[in-house]
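Colleague: With chain U held as given, fit chain G onto it using these hints.
Chains as they are written, first to last, in this note's numbering: chain U, 1 to 470; chain G, 1 to 403.
Everything labelled a hint here was simulated from the structure, so no lab data went into it. For glycine and all other residues, C-beta sits at the position ideal for the given N, C-alpha and C. Warning: the hint list may mix true and false statements.
Taking beta-carbon pairs under 7 Å as the criterion, some of the chain U residues facing chain G (in silico) [as the list claims (entries may be wrong)]:
(1) I351
(2) D352
(3) D381
(4) H443
(5) S446
(6) G447
Straight-line C-alpha distance at most 20 Å; calculated DMTMM-like pairs for lysine to aspartate or glutamate [unchecked claim]:
(7) K303(G) - E96(G)
(8) K79(U) - D320(U)
(9) K188(U) - E137(G)
(10) K248(U) - E137(G)
(11) K9(U) - D26(U)
(12) K395(G) - E184(U)
(13) K70(G) - E81(G)
(14) K79(U) - D379(U)
(15) K185(G) - E373(U)
(16) K197(G) - E435(U)
(17) K70(G) - D387(G)
(18) K377(U) - D183(G)
(19) K426(U) - D416(U)
(20) K217(G) - D256(U)
(21) K188(U) - D117(G)
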Amino acid sequence: MKTSAREQKLQHLYWRAGFGIPFRPDQASPGIKQAVRELLHASSQAVPLQVALPQTETNLQTDMQDAEMRQLRQRERIKGFVLLNNAWLQQMATSEAQLREKMTLFWHGHFACRLREPRFALLQHNTLREHALGKFPDLLLAISKDPGMLQFLNNQQNRKQRPNENFARELLELFTLGRGHYTEQDIKEGARAFTGWSYNPQGEFVFRARQHDRGQKTFMGKRGNFTGEEILQMIVENPRTAEFLTAKLYAFFVSDTLNPERIQSLSSYFYETGYDIPRLLEKIFTSKWFYGPDVVGSKIKSPIELLAGLQRQFDLSYADGRGPLVLQRALGQELFRPPNVSGWAGGRNWIDSSTLAFRLRVGPALLQEAALEVNLKPDDDTEPTAPRKRRQDGLRIVRAKADLSGLHQQLQKVKDRELIEELSQKLLQVPLQPEIAALLTQHIPSGAAYTDKITLLTLRLLSLPEYQLC
Amino acid sequence: MATNSRREFIKMSALASGMLLVPNFLHGLDRSGMPLLANSNGKRLVVIQLSGGNDGLNTVVPYQNDLYYKARPSLAIPSREVLKLDKGLGLNPAMEKLRLLYDQGYVSVLNSVGYPDPDRSHFRSMDIWHSASASNEYLSTGWLGRYLDSLSGPSANYAAIEVDDTLSLALKGAQYTGIAVQDVKRFFQATNDQFLKQAAQLHAQDHMHHQVDYLYKTLIDTQQSAGYLQEKTKVYRSKKDYPNGEFARNLKTIAELIASGVESRVYYASLTGFDTHVRQAGQQANLLRELSEGLYSFVEDLKQQQEFDNTVIMVFSEFGRRVAQNASNGTDHGTANNLFLIGGKLKQAGIYNDAPNLQDLDQGDLRYSIDFRNIYATLLHNWLGGDAAGILGNKTQLLSGLV
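Just chain G, with the same shape it has in the complex:
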C-alpha cells in the first residue's frame, strides 16, 4: 500500500540519518548553540506550590508586633528565635538556609498577597491561583497553560514540566499543555510499550474520526518526549548534595533537566502538608526546613551550572491562615499570605512591601494589598517576555522593581 510504504520510507530515512525521532519543540533547545524556543529570551520560571495553606505569619514573622503575640499566645515564635530580616520581619527559625539566600540578595518577600472575595476551600482557592480567575469566575485553563498557548508555533508544546505524576490545572492551556514527569525513567518505562509505539507509527490520519487523530498525536508527543527526556538526562547527574525527601528529589530532577539542556520555560513542583489545624509548630517547622534546605541546594546547584541568573523561583500557597490561633495549637484557613521570589537577578531583593497590617483585619483575616495576578503579569511580561494582557486579561498591572 502506498501510504504504508511512504511511512516506512520516512521511518527508514530517519534511522538512516541517525536522527532521533525528537519532537519538534525540543529540537533546537540544546545548549550547544541551537536557537531557543520561539519568543523565549532564555529565561525560565520555577513555581513551587506549598499545598494546604501555609501559615505566612509564622513563616515571615512580624516579631515587633504585639498584636501578633496577642493573637497567638502559645503559637507565636518568640522574638529572640526569629531570623531577623528587615522592616520588623524575620524568618521562622527553621529557615536558616533561606536566610543565607536572603543575605546574598537572592530573595524578595512580598507581603499580603491575595485576591478580592477570598475563598477558604483549599481546592477552590488553588483553582483560583491556578487559573488566575476572579473568585466568581470559572476557567478550565491555567495561567501557565495559556502562556504556552500564547507562544507561536508547535514549539509551545511541553515547554512546561511539572515534576509529579499528574498535571496541575496551572499548566493546562486550551491548545497546549505542560507535561507531568515525576521520574524521567519511570515516565519513559510507562510510555515505552513496543506494541503501542508501533501502533502510533502505523496509525494513518482519519479525518472522519478526528478525536482518534488527536489521541494518537498526543500519544506520539508523549512517547517522543519521554524518549527524548530519557536520552537527554541519561548522561548528567547532579553532584550537589540535596536533603532527603521527595521535595528535594523533585528539585534535583528540575536541576538535572536544566543542566542537561532541556530548555523548558516553566518548571513546577509542590510541597504538601501545610494544613496545620492541629499542633502546628513542629509540623510547619519540619516543612519549612524541608523547603528552605531544598531551595538552598537547588540554588547552589543552578549557580554551579551558571543557570541561576536565568531563573526565577516563585513560592506560593493557596491561602494564609487566620491571624489568631485556634484551640488546638493550630491555625484555621485564612486569606492573604506572603510569597517569595528567588533569583540571581532580581531587580530588588529584600522585603518588597510593608508587613501585613494586623490592626485592620477583615473578620479576623488579613486584607490583601497585592493581587497575585499582578505578580503573574509581571513575571509573564518582564521575565518570560509573554503577553500578560492576553493571558490574564487587561485588568492586571505590572509591579515595579520585581524582575
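In isolation and in its complexed conformation, chain U is listed as follows:
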C-alpha cells in the first residue's frame, strides 16, 4: 500500500486547487486529467454561503442610549464576523467544491475589502463565490456594483460635482491593468464614468442618475460619453488585463517564482477564451510542468491553507468559535480582514521569526488538544472595547479536538520499517531528508503501540518546517 507517484501528484493537485485530501480508507486514485475534471465538476454549481447574522430588533432601540446602542451594535458585528469566519473555514475544510472555495479565497485577496458590516461582507463573499469560476468580465462587473466595494472605495461619494477617484484608481492599479499601464488621466476620466454608482441600505446597487456625469470622457485614448459598464468593457478588452491576472493566478496556484513564458502562453489563452476562469485553471492543472520539481512543494502555505488543511485532514473542532480567528490573526491572515485593498502579499511575507515559531507549534498543539497561547494586537476597527478589559484578555488561548482515525486506517497495512517514509509522503509535499528521517526514528519509543507510533510521528512531522510547504 505504498504512496504511489500518482498519489503524490494528486496530493499536489489537491493542495493547490483545494485544501488537501482528507484521509479516508480505500481512497480512489484517478489519473490527473480525470481528477481535474472531477474537481471542476464538483465546483460547477455556486452555492451561497448561508450564515444567520445577529440583528437587533429595531423597536428595542428607541429607549437605548447612544453609547449602549453603539456597544450593542459592536458586539453584534464581532459575533457576525466570528460566524462568517467559522462558516467559510468549515466550507473549505469539508466542501466537495474545493476549487470554488480556493478560487473564492483568491478573489477575496484580489478584490480585498475590509468591511465594517458583516452582512455587507457576506453579500460580497457570495458575489465572489457566484462568479469565482465564471468569466472574469462578469465577475468584474458584479464586484464593481457590490455595495461593500462601493463603500470601501468611497464610490458613494463619487458624484458628478465632486468626483472621488478611489475606486477608479484601485480598479486600474490593483484589479485589472497593474501599475504603469494607465495614466492619471485615465483614473480621472474613469472616475467620472462611475459617478452615481451607489447602493441603498438594503444592500442593493442603485444607479443615481442625477449624480452621474454624462459628459464626454477620454479613456485609454478613446473618446465618448462612457458609462461605468463601458469603462469596464474597455479594460477587459485590453490584453494587459489578462496578463496581469494570469501572473497573479500563477503566483497563487503555481509558484512565487514567475515564469514569463508560461504566463505569456496562459494569458493569451485566457484572453482568447474571453477570460474563462475554469478553462485557464484546467490548463494549468493539466500542464506537465505543474507537477515538476520546481513547482511541487514550492509554496509556503498561507495561514488559511495551513488551518483549513489541518481542519480538513484531521477533522478539527475548536473549543471556541473565536479559536480560528485568533490563530488567523496571530499568523497574519484573517478571513474578511485583508490588510488593505491590495490584499495579502503572500509568499515569504507570511514568515518572520515569531510567525514561523508559532506555525510550527500550531499543528502539533491542535492535534493534542493542547492550549496555544498568543497575545494579540488589537483590531480597533472591529472591536474597540474598553482598554483595561482588552488588555487582560489580550492573551488568547486556543484549543481543538482532532481525529486521526482516518490516517490510522490508511496506514494499517504499512510495514513498521516503512512507516516513516509512508507517513511523510502523505503529510509532506517535499521529500524528507534521510538524516531527519533517522532522527524521527530515534524519537519513537520502541514499545509504543502501532497507532501511538503513527500519532507521535504525525505530531513530529507537523512540527517540521517541511509541513509549512505545499
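Modeller: Just chain G now, with coordinates in the frame of chain U:
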C-alpha cells in the same frame, strides 16, 4: 556520510571552543569593546505606538484657545488643570511625569503631524504609518524593515526588536525582519523544542527545494537569537521601579535588553485602547498616566545605565480625533495629531512648531503641517545614520533642529 560527519565536526568544534552558537548579527554587539553593528553609530530608536487613535487635543491641550472650549463643551480640560508648557499649550493633568521630563529638556512636541488624504480607518491609517506609504499606495514592507534591509551584511537581521508576540509591519523588510519577543523566557521556551533543534542542525541544504532552506534558515536564526537573548538577559535585572501593567513591563524589558548589551538599533512597543468614542475623559487619562509614568521610569532607568543619551523615543498614534466632541462624551476618528520625541540629546527640546490651527479646519478636522515621513527621514538620516532617501523615497525632507 561525509556531509554528516562534517556537520558533526563543526558542532563538536563549536562545543570544544566553548563558543555559543550565536547568530552572526549578535556577535560583536557586546558593550565589552566589541565593534558595533555595521553602519551603526551606537544610537538607537525606541518607537512607542498608541493604538486606537489618541486624542491629541486632550493630550497637548490648547488651553488658551476659545475654539477648543467651544468645540468640546463637556470634554475640554479646564485651563486651571492643564500642566502648562509653552506657546499656549499644556499637558493633560494625568501626564505629570512627562512634564517632569519636559522640564528637564528631554521632550520635543511636534504639532499637526499627518499626511495628505488622511484615512480614518484604524487599520489602514496604521498601515500607512508603518509602511510610510502615501495614502493611495500599498507597500508590503515597513519603514524600519527597509532600514534593516539597507544595512549591509547579515548583521541587519534582528537588529530590531518588538516587545510583543507578533511582529508589526513597520519592522518587516523585504530581506530582513525584526523579531517579536514579548517575554524573553517564554520566547526561549517556545523555540526550545529539542527535536526541532536537532532537526535544524541536521537539515542539509537542498537547492531543489529552496523554500525548505529558507524556512530552516529562519528557524535556526530564531532558535539562536532566542537562546542568545535568554543567555544575555539572564544576569541583568532592572532595579528601577516601574508602574504596574503590561506597557510598563514591556518598557522594562526593553531597558533590560539595552542594559544587557543587546545592541539592537530599534525597539518597538505599543500601548492600546485609545479609541475613545464613548466617555473619553477617564479612559484617556488612565492611558496617558500609564504612558507618562512608564516613560518616566524607562528614562530614569536608561539614565542610570548611561544609555539615555544614545536613545531617542518616538511616541505616535495612527490619527488624532475630530476637534468637536461627539454626543457620547467621546471623540470620533480624526486626522493630524501631535507626536513626541524624547531623548537625552535632542537638538531642540520644547514645543517644536505652532499649536494646531483650530480656525482653519478641513470639514471639522485638523490640517497637517508636518508630514510624518519627514520625521522618519530625519530620524533615519540624522539619528540612525541610515539612507533615508533609499528607505522612504526621495520626496521626503529633513526637519531641522530635531535630532
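Colleague: Please go over all the hints and tell whether each is borne out by the structure.
Modeller: Quick rundown of the hints versus the structure:
1. A distance limit of 7 Å between C-beta atoms decides the matter here; for I351(U) the minimum to chain G is near 6 Å, and the interface restraint holds.
2. Of the supplied interface hints, the one on D352(U) holds, with its beta-carbon coming within about 4 Å of a beta-carbon of chain G, less than 7 Å.
3. The interface hint given for D381(U) is met, as the beta carbon of that residue sits about 5 Å from the closest beta carbon of chain G, less than 7 Å.
4. With a least beta-carbon distance of about 6 Å to chain G, the hint placing H443(U) at the interface is held under the 7 Å criterion.
5. Given the 7 Å rule on beta carbons, the hint for S446(U) is violated: about 17 Å separates it from the nearest Cβ of chain G.
6. For G447(U), the interface hint is violated, since its Cβ never comes within 7 Å of a Cβ in chain G; the closest pair sits about 19 Å apart.
7. Proposed proximity of K303(G) and E96(G) is supported: the alpha carbons are some 19 Å apart, at most 20 Å.
8. The suggested pairing of K79(U) with D320(U) holds, with an alpha-carbon distance near 12 Å, which does not exceed 20 Å.
9. The suggested pairing of K188(U) with E137(G) holds, with an alpha-carbon distance near 17 Å, which does not exceed 20 Å.
10. For the given pair, K248(U) sits about 18 Å from E137(G) by alpha-carbon distance, which is consistent with the 20 Å threshold.
11. Simply put, K9(U) and D26(U) have alpha-carbon atoms about 17 Å apart, close enough for the 20 Å limit, and the pair holds.
12. Only pairs whose Cα atoms come within 20 Å are accepted, and K395(G) paired with E184(U) is accepted, the gap being roughly 19 Å.
13. Of the supplied pair hints, the one linking K70(G) and E81(G) holds, its CA atoms being roughly 17 Å apart against a limit of 20 Å.
14. For the given pair, K79(U) sits about 14 Å from D379(U) by alpha-carbon distance, which is consistent with the 20 Å threshold.
15. Distance hint between K185(G) and E373(U) is fulfilled; the C-alpha atoms sit about 14 Å from each other, no more than 20 Å.
16. Straight-line distance between C-alpha atoms of K197(G) and E435(U) comes to about 13 Å, which keeps the hinted pair within the 20 Å bound.
17. A hinted pair counts as satisfied when its Cα atoms are at most 20 Å apart, and K70(G) with D387(G) does not qualify at roughly 45 Å.
18. For the suggested pair K377(U) and D183(G), the alpha carbons sit about 15 Å apart, so the restraint of at most 20 Å is met.
19. The suggested pairing of K426(U) with D416(U) holds, with an alpha-carbon distance near 16 Å, which does not exceed 20 Å.
20. Taken as a hint, the K217(G) and D256(U) pair is honoured in the structure, with Cα atoms around 19 Å apart against an allowance of 20 Å.
21. Among the hinted pairs, K188(U) with D117(G) is consistent with the structure: their alpha-carbon atoms are about 16 Å apart, no more than 20 Å.
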